[in-house]
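A.B. asks: The residues making up each chain are set out below.
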Amino acid sequence: MRTQRIPSDWPLPVLAFLLTMFGIAMVYSAGQTDVPSFVEGIWRTQLVWFLLGATVAYGISRTSVRLLEWGSVWVYLGACGMLLLLLFFGTGAGTAASTKSWLAIGGVRLGQPSELAKIAVVLMLARVLSAQRVAPTSLFGLWRPAAITLVPWVLIMAQPDLGTGIVFLGIFFAMLFWSGVSWPLLLMAASPAISLILAFGPGVWGAWFFLLLALLWWVRPAWLETSVLIGANIAMGVVAPLLWDQLNPYQQRRLLVFLDPSIDPRASGYHVIQSQVAIGSGGLFGKGFTDGSQKRLAFLPEQYTDFIFPVVGEELGFLGVTLALGLFCVLLLRTVRIASRSSTPFASLVAFGLTAAWFTHIVVNVGMTVGLMPITGIPLPFFSYGGSFMLSCWIAVGILVLVSSEGRGKADALVI
Amino acid sequence: MSFHPNDVQQRARVASALVFAGFVLLLGAFFRTQVLQNARYVLASEENRLREIPLPAPRGIIYDRNGKVIAENLPGYSISLLARNEDSLRTTMRRIGELVAVSPEQVGSAVRRYRRDRTRPTVLFGDAPFALVSILEERRVDYPGLIIQSAPKRHYPDGPAVSAIVGYTGEINELELEQEPFADYKAGQQVGKDGIERQYESRLRGREGVRFVEVDARGRVVRENAREDLLPEAPAPLYTNIDLDLQRFVAEIFGDSLIGGVVAMEPRSGEVLALFSAPTFDPNRFIGSIPRSYWDELQQDERRPLYNKAIKGTYPPGSIWKLATAISAMENGLVDIDDRMATPCTGGYQYGNRYFRCWDKKGHGDVTLAEAIEHSCDVYFYQLGLKIGLQRMIAGGIRLGARERSGIDLPSEVRSLYPTDPPKKYYDERFGSQGWSNAVTLNLSIGQGENSQTVVNMARFYTALATDGQAARPEIVRGQAERRRLFTLTDVQLKGIQDALTNVVGRGTAAGSRLQGIAVAGKTGTAQNAQDAVADHAWFVGYAPAGEPKIVVAVMLEFGLHGSRAARIATKIMEFHLKQRVVAMPEVDGE
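Protein chains in written order, with numbering that gives the first Met the number 0: chain P, 0 to 415; chain B, 0 to 590.
Just so you know, these hints were derived from the structure itself, not from any lab.
From a predicted model like this one, the values you see are computed outputs, not experimental measurements.
Be aware that one or more of the hints could be misleading.
Stated by the list, open to error - Covered by chain P, per the in silico footprint, the following chain B stretches (three or more residues, Cβ under 8 Å): (1) 4 to 11; (2) 33 to 43; (3) 217 to 223; (4) 339 to 349.
To be verified - Residues of chain B placed beyond 10 Å of chain P at every Cβ, according to the derived structure: (5) R48; (6) E213; (7) I289.
Heads up, the beta-carbon is just placed ideally off N, CA and C, and yes, glycines get one too.
Required output: the full structure, derived from the provided sequences and hints.
C.D. replies: Dropping the structure here:
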């Protein structure tokens with residue numbers, strides 16, 4: 000009997016489709032400015048990338064998780080190889096013109112390999128973590144996943160691209176958590192980074208350091224681990240700020256620009272302010288689709304890429320924001336569900352890793368536009384203009400549909 | 000690796016809770032920004048979007064007493080720029096400089112205006128020549144953010160003749176912008192700089208209008224009339240007491256050669272009919288911006304055209320002060336109009352070891368007070384001064400307003416100089432207790448010495464002589480007439496003095512200035528000039544007609560040599576005023 004079946008997890012592609020349409024509409028609106036620019040027509044390009052992405056996603060959804068698992072090593076190696084090549088042949092673009100995140104052949108920019116690298120790292124981490132019989136219980140036991148993440152992370156930070164680097168950290172910790180690594184260990188692994196963030200307030204850092212000591216006393220890891228951890232925390236929390244203060248303001252600026260060239264620190268204050276003005280002036284119902292004055296009159300910078308969400312806020316108001324964030328929320332809850340119901344640990348880890356990548360993107364990007372997060376050049380899935388990014392988002396959708404279709408208690412989704 | 004379903008379910012719950020919490024946090028932040036702080040951000044976005052283009056308001060028109068125009072507004076053009084930053088302002092100025100000549104000063108002041116207020120269009124050319132306007136109008140597309148608009152331009156039809164009264168307007172400067180009275184002024188606006196333009200700034204200033212345009216982030220105007228215009232409003236006109244015809248006549252008499260100041264007033268009301276300072280300047284050339292060459296020319300002219308000699312210059316009053324001495328003596332009951340002094344005038348007077356000359360070497364003989372006034376006999380007044388004594392003379396002079404401003408409604412009137420009471424203290428401080436003697440009394444009695452008066456203050460003093468002892472505060476703009484009693488004499492005493500003053504012109508020192516059919520009273524003065532021993536200052540202060548005074552005129556000629564020259568000018572002014580009046584109102588002045 001030949002029966003045509005729809006994918007069992009139809010809500011996922013439907014949600015992704017709705018978000019994509021919403022996003023393309025906003026890209027269209029972003030092009031509607033009083034002084035027209037090239038942005039006016041890019042929604043069509045974005046539409047083409049979506050169609051391409053959806054096709055690829057469909058293709059992927061018809062393969063098998065086993066194939067994915069087998070291919071993950073090659074994808075990972077390929078992605079790292081491309082990132083390495085970028086350091087020598089990469090070109091910049093747009094606001095991050097000084098970076099080397101673009102792969103170009105003969106002057107034609109093909110895409111940003113770092114988008115592919117995210118998926119590759121998810122696949123590779125899933126493979127390595129699922130292969131372990133027991134979740135790591137010590138810091139040194141984390142060396143494999145750490146190394147897998149570190150290699151592309153270093154290559155990306157060398158481009159440099161702070162935003163994507165943050166996403167890698169999000170993926171890393173989320174997948175460790177999903178693989179069953181205990182909370183104390185996660186906290187210990189993250190502690191140097193937390194120290195660095197808290198270093199700007201000595202009192203807060205002191206409290207954190209005290210907490211960490213209490214944690215170490217409770218967990219009692221090996222003495223070498225303990226000393227390394229304490230040393231790393233002191234280095235990040237005490238030594239780094241001292242060194243930072245030694246720098247001249249222009250050197251500090253240079254370092255900040257180096258870490259994230261998509262923003263000029265002198266102008267970053269302007270970006271946040273104008274973004275918040277756009278969002279805040281939208282009010283409950285917004286100024287109307289395509290009618291946002293902040294966007295129209297070019298007060299809103301990067302209104303088609305990193306700062307596309309303020310266009311939603313300005314033109315569609317709090318209701319539009321609620322709708323967009325609501326769709327994202329439902330999408331992520333859905334993918335967590337997929338992760339929890341997959342048949343194999345590998346599939347489950349892949350689904351959760353992709354969820355973490357999206358979540359990091361959304362929280363960092365949207366949080367930045369409303370002033371909750373520092374400014375880092377990081378796009379919003381399905382909304383921000385960008386070919387590789389749209390493609391990678393839909394590849395992720397394809398993988399998730401595939402994982403879902405092989406999930407526990409479900410029939411094969413695409414059996415013909 | 001624990002993938003037991005229970006563990007996975009547990010982690011999925013934690014993860015879902017985290018995701019949900021993350022979104023709630025984001026949504027909360029948006030709620031705060033979009034709903035709670037909405038008003039604040041709406042304002043900020045409007046401020047981003049809308050630019051207020053000021054529409055300059057015309058200043059109030061200034062009329063003379065007969066409705067003739069003293070100051071008006073002509074259509075002019077101003078060119079301003081909505082500049083994104085200082086660089087783009089400089090670039091625009093440089094590009095305009097390729098079309099017409101732009102001086103570094105013009106660029107400098109445009110940059111200063113921009114720094115002061117960055118959201119307001121920066122005035123590049125406050126009074127742009129029409130040629131520039133038409134050139135830029137043609138190339139408008141090349142200059143985004145450029146605003147060309149009509150701006151009323153101040154004009155004085157009788158420029159040089161009225162400059163001492165109206166003053167002029169100019170762009171408000173940095174110093175003024177810091178001051179409290181100019182709190183609501185903006186850089187690039189016009190403000191009264193001198194004269195009644197400055198004195199009555201608050202009444203002459205129009206209310207600026209506003210045009211709203213929409214601009215983009217680069218300052219380009221993308222939409223005109225983004226909101227309804229607020230039209231500029233002109234204030235009510237300002238009516239003055241000036242008689243423009245008389246003012247012109249005064250200016251004509253002075254011509255290019257004479258230096259000095261004139262004040263003509265109505266004796267009872269204090270209405271200032273004319274006020275002039277020579278040489279003069281053309282305030283019309285000050286509008287917009289003062290051409291460098293013209294400014295230098297005025298600054299380098301040693302006759303000091305910008306120095307208002309009617310209200311700012313103080314000069315030893317000389318013999319016109321003898322009336323003050325006479326009044327002090329009469330008030331103290333020391334002399335009557337027919338009284339003679341002990342020593343007749345033989346051309347001089349010996350006081351101690353010093354000999355004080357009379358201006359007339361031949362001497363005046365034995366004269367009465369009336370005759371002493373008539374012929375301005377110094378010897379008589381030396382003795383009268385000694386009779387009064389230094390203390391009473393200083394006190395009397397101060398009562399007559401010798402240390403006061405006249406109170407005329409013009410800015411920066413200078414206070415006249417005169418010793419303080421008690422005089423001993425004053426002179427001790429000034430010269431040391433050994434450095435002076437009672438001889439100063441003799442000098443003071445004839446208006447020399449430590450006495451330096453403004454022309455306008457002498458005019459005021461003589462309004463009291465012309466009437467009943469009450470002086471009228473000079474007023475250019477119609478207001479509340481204010482008179483103050485300077486001295487109290489009996490009718491007989493006053494009549495005696497007034498008759499003597501009439502005889503000054505009838506047969507005395509100013510006899511050459513007699514007028515046909517009009518009895519003029521007044522007093523000449525020839526004051527020793529500290530700067531130039533030869534060229535004395537010439538004074539004449541008087542009124543006409545003698546019986547029923549309609550006009551008080553004070554004339555001071557720098558280096559005028561003798562008071563009789565000033566008298567000729569003063570009587571001509573009186574004649575012009577009175578005969579003009581005769582023509583206008585024949586029934587009033589019958590005699």
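A.B. asks: Which numbered hints does this structure break?
C.D. replies: Per hint list: 4, 5, 6 violated.
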